[in-house]
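K.L.:
Residue numbers (our numbering), protein chains in the order written: chain A, 89 to 575; chain B, 11 to 107; chain C, 1198 to 1680.
A hint or two may mislead.
Listed next, the in silico DSBU-like pairs over lysine-lysine satisfying Cα-Cα at most 35 Å (straight line) [stated by the list, open to error]: (1) Lys15/B x Lys1286/C; (2) Lys1613/C x Lys88/B; (3) Lys1357/C x Lys1242/C; (4) Lys558/A x Lys198/A; (5) Lys1357/C x Lys15/B; (6) Lys320/A x Lys303/A; (7) Lys1613/C x Lys167/A; (8) Lys459/A x Lys320/A.
Don't read these hints as lab results, they were simulated from the structure.
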Amino acid sequence: MKWETVIGLEAHVELSTKTKIFCSCSTEFGGAPNTHCCPVCTGMPGTLPVLNKKVLEYAVRAGLALNCSINEYNRFDRKNYFYPDLPKAYQISQLYLPFAQNGFVDIKTKSGARRRIRIHEIHMEEDAGKLIHFAKDNSTCMDYNRCGIPLLEIVTEPDFRTAEEVTAFLGKIKSVFEYLGISDCKMEEGSMRADVNLSVRSEGASEFGTRTEMKNISSFRAIERAIAYEAKRQTEVIENGGTIIQETRRWDDVKCQSMSMRSKGNAQDYRYFPEPDIPPVVISKEEIQHYNDICPEFAGERAERFIREMKLSEEDAEIISASKNLADIFEETVKICEAPAEVRFWFMSGVLYYMNETNTDACDIKLKPEKFAEFINIVQSGKITRISGKQVFEKLLSCDDFDIMTFIKENQLEQVEDTGLVEETVRSVISANPKAVSQYKNGETKILGFFVGQVMKKLKGKADPAIVNKAVAEGLDRTNSNRENAK
Amino acid sequence: MQITKETVEYAANLSRIKLDESETEEMRSQISEIVEYMEILNQINTDDAGPPAHISDLKNVMREDEVSPSYDRSEILKNAPGKNEEYFIVPKAVEQG
Amino acid sequence: MTALETGAAIKSGKITAVSAAEQVLDAAEKGNEKINAYITVCREKALKRAAEVQKKIESGELTSPLAGVPFSVKDNICTKGIRTTCASKMLENFEPVYDATVIKKLEAAGGVVIGKLNMDEFAMGSTSETSYFGPVRNPRNLSRVPGGSSGGAAAAVAGKMAVAALGSDTGGSVRLPASYCGVTGFKPTYGIVSRFGLIAYASSFDQIGPVARDAADCAAIMDIISGKDIMDSTSLDTESPGYLASLTGEVKGMKIGIPRECFISSGLNSEVAEKVMAAAEVLKNAGAETEEISLPFLRYAVPAYYIIASAEASSNLSRYEGVKYGYRSENFSSLSELYSSSRSGGFGKEVKKRILLGTFVLSGGYYDRYYLKAQGVRAKIKKNFDEIFSRYDLILCPSAPDTAPESGRSLDDPLKMYLSDIFTVSANLAGLPAISFPCGNDSSGMPVGVQIIGKAMDDVKVLNAAHAYQKLTDFHKNFAEVK
């Protein structure tokens, strides 16, 4: 039998407001433990929540961007449960009246498939604290800095069929929220987290299977692994005649397996009720209109513009425009140096390579367009080759406070313009490789590349590849004719 | 409505309150009496009441997104029965959702 | 002396803030052996502060009519550096790191906090017998309860162990003890006084209010503690009417409704009925119009109140689990045991009962039947009041069905205790201002309280009616001598 995987998501996204949702403590990431705290966010007796205006604004803008209808009358509810990361023992959330409902996101997967993912609802809530477990003395330490960071929880319909779609969706959310400037959505820092609801069913079935919920998934790659694992596990259970238990499972990305946390049988009874400490929040039609009016250009439109105006390929345009930061750098740089093709080259080979190698998030690329453009001009003027340019560009990505020309000179990266030196090097390479020369003579013209490579290596990549190419070809031909003459 | 022992135990478990046998029975009988008395509310038709309104007529009470200095950590941790210099401490918590 | 008289005496230099504080501190410490009205008396802090305040009064920096006046504060209002226990073992050693907004305001006006008052544990009770620190006694008769939950506040004022006090009123917690002890207690409109720093019992009902010798003192205190607070989203953004300045003592033309249901309810002491009707007569003679009205929802008020209040309490009190502050049991081997041992060991019986009741009414399958139903009834009661206040200025009724009962009797019969709130909870359900003040004694010499309820934001009208009555009578001047 063929099995189909059905997935729904609950994505939590931290909003990048300056202060927490219900108090004026900073939301800055990475503070010393329990230093971004006050009586309100640590749940001290007698304290009360006061809603941050910016949270509502960001929430509404997110809801509109994800094509949701925005509810006019909103309330917060209390979700009651005991856990050490929750100092009040209730989380202020929205159950009965979430602010946004019935939206959708259109996605395109890596393999090019397009799908529409429906959004059931989005609600606002507060984040919980961070727990650090120590096996040594069997204790748990609590850091409440994260308590009260504003969160949006985006709940989708069970519309995903593959892990690829899930990561495409999260990528799209990340892109949209970065364009709105409301979140950086970094899974690695925990500012974007996803719980995966997954079930399997025989292909073509109309009923859903019993689902499990996986928590604690903290990277795009981990999501792919977790989905693959859980789909396989469920399929095997069913194929072996077992039944799936509706339960919450914890994903362990190190062991690469999901483990049961507790079954829904003794599910939490959260005893939701309307939060009496916060009066209702009413969002007017005028406000909604206003936020619609200031909705920025998103990745899709920008990519189209890049294709049209900068002659980028669809693929390149989509990759660059997915991140607002990258797209801004790209566009600004092109504006200054007017060389889109060359900028594209360094983006695709340099920036993306660097992000992959160093695991850097697109929004953390700090490349100054002025500097970048200066560099492009230097390459284009032939002062350095693309090969030695690589070294300069790497430096540029990690540090923007240096003089490019001084760096080039200090590291002797200028292009070799001395044609005599090039010819001399060609001669020495040819005479050192008689075997290759005879291969060339026998018609293996592809060996030409080998000579070019050797010459470039000797010249530390500093020669213009076109000149080297020409010199090698001429050199080899000369060898040929010399020998012929000798006969 | 008579409250059963199981109902009391369920509520006690949810609210993390430990009761022995006799306490459970005492709570059961007293809460039963109260709940029974509460049934008179069913005499009133509240179908037209709508979702629970807030006690006051206030709406949209919000503050600006401006940072105020946080408290000293020593104050945050001051009353904690289990702590070190940086953290609150409890016995190892088992993961839950 | 009343608070205003004390303030005037300090201003004129007849006494100093320090001597006023000393006198109250002495009385508090001496009287406490019998009355147990205080959990904490902070003599040194108070004297130091009184000296500072005295200087500022002399330099003209402090001009409030209550500058230098000693204040006593219910122990569920956070005072920075002074332990705030809620009369619970759970918070026996809890020292807040911040001041409640009302404390900040009080101190800014030159008030001197002299101690923290005993109460029912977490304000849950009508007798002030559920305190971890022992029951409060009624200074009128030590074998009687002082009422609750602000029993310490009413007993201290009645026993001259306090000049004036801040209490809190969730279902009658200021008015009931005021009635039982023969003092004046005012519950403002919900939202007029900031709740920031008031340790929550039931958030949609709780309101801080003054307990004092008369309505004028209450008004003077309201001038200090009321007003919008950005730390409390439910606090109202309205201009102060100038409470004290608005007291005219004039009730001519006021339309006062007297609900007949209050007088036909079973369990109403006939002496109480008689005294309350006499009080209405006094106001009528002063030019008010009194008329019988109907409050058909009265009998539903207590159950609706207990459902919603317990639900909110079960959530509000979840934060006490032995982790961030408060009592931690030593008897645990796991996190869940730490929670349950600490909560079981730290809370008293009445608190546990209300937590269980509140948990039950919110739990799966019962939410609609109890919580939502009660909210629906609450909305109806509010509407009923709106309708009445479209025709009447005020409602007058007893504060409680009976005078103070004997100690040790009510706790075993929860329903009876809950029913003592029958005349007070309605005002909390609808967020209305209400005052209780003495209008005579029963045959055993225990004071009877009369209650006046007004429309939301009509706090001045309510205070003024009580003030008018007190200008014409002397019941509020009868004080108990604690021997």
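K.L.:
Keeping to a limit of 35 Å between CA atoms, is the pair of Lys1357/C and Lys15/B held or broken?
P.N.:
Cα-Cα ~48 Å, so violated.
K.L.:
Given the hint that Lys320/A pairs with Lys303/A, does the C-alpha gap stay at or below 35 Å?
P.N.:
Holds - the C-alpha atoms of Lys303/A and Lys320/A are around 17 Å apart, at most 35 Å.
K.L.:
For the pair supplied as a hint, Lys558/A and Lys198/A, is the alpha-carbon distance within the 35 Å limit?
P.N.:
violated, 40 Å
K.L.:
Does Lys1286/C sit within 35 Å of Lys15/B, going by the straight-line distance between their CA atoms?
P.N.:
holds, 27 Å
K.L.:
Is the straight-line distance between the alpha-carbon of Lys1613/C and that of Lys167/A 35 Å or less?
P.N.:
It holds: about 33 Å lies between the C-alpha atoms, which stays within 35 Å.
K.L.:
Does Lys88/B lie within 35 Å of Lys1613/C when you go C-alpha to C-alpha?
P.N.:
Outside the cut-off at roughly 41 Å; violated.
K.L.:
If you draw a straight line from the CA of Lys459/A to the CA of Lys320/A, is it 35 Å or shorter?
P.N.:
Outside the cut-off at roughly 50 Å; violated.
K.L.:
Taken at face value, is the distance from the CA of Lys1242/C to the CA of Lys1357/C at most 35 Å?
P.N.:
holds, 21 Å
In terms of the numbered hints stated before, the structure departs from hints 2, 4, 5, 8, listed from lowest to highest.
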